[in-house]
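S.K.: Based on the provided sequences and hints, a complete structural model is requested.
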Amino acid sequence: MPAEWAPHTRTWMIWPERTDNWRLGAKPAQQAFATVAQAIARFEPVTVCVSAAQYENAAARLGPQIRVVEMSTNDAWCRDVGPTFVSNSQGELRGVDWHFNAWGGLGSGLYFPWDQDDKVARKICALEGIRSTRTEGFVLEGGSIHVDGEGTLLTTEECLLNPNRNPGLSKTDIEAALCASLGVETVIWLAEGIYNDETDGHIDNM
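The numbering of the sequence shown is our numbering, which starts it at 3 and goes up by one.
Worth flagging that the hints you see were computed from the coordinates, not collected in a lab.
For glycine and all other residues, C-beta sits at the position ideal for the given N, C-alpha and C.
Please note that the accuracy of each hint is not assured.
To be verified - Per label pair, the in silico range of CB-to-CB distance:
#1 Lys29 / Gln118: 20 to 26 Å
#2 Arg20 / His101: 19 to 25 Å
#3 Pro4 / Met208: 19 to 25 Å
#4 Lys173 / Met208: 15 to 21 Å
#5 Gln33 / Gly170: 41 to 47 Å
#6 Pro169 / Glu194: 15 to 21 Å
#7 Lys173 / Thr37: 38 to 44 Å
#8 Gly185 / Tyr113: 30 to 36 Å
#9 Pro47 / Met208: 26 to 32 Å
#10 Thr37 / Thr154: 32 to 38 Å
M.R.: Next up, the structure:
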């Protein structure tokens, strides 16, 4: 997996629209997302995934320089639900399609259902013609890991060892899954993330 700061060819985003999660009918959030997307688009291509109901609104707000694709989702967190892109020594790209359970599943997840978000990674890969690999039975969000591109990964015990993610898997099992899926060699575990973080201690909040 390339480093967090490595150059990349495109940014993917998801349009916010849940009225139960975003205030004032999601309009302020949509304006903020549009501003971010337009800023990024000055330097690299941007694609925004949008529901059918919001397609015309999003396309008008985002402008012609941003690609808008129709895609069903449950919320707007592309870093967590999208594919983790990895490449081999020949430069071949592949998307890792993790299981997603809304940061905790039925017991402590942040929303239900999450079935559409769990399909986002494979849909993005299909749109781009990139092979995806499903990590059967392994739950992970993109924001729960950081890598340096040199074989080292950072994460937190609070998140990845939480029984609401992968109950029954040991720390050793989880390390093995990360190494196999991402090509890393060393996993550095921090005990906790930020206090009262609703994602259970994502490393990307630190």
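S.K.: Of the hints stated earlier, which fail here?
M.R.: Violated hints: none; all satisfied.
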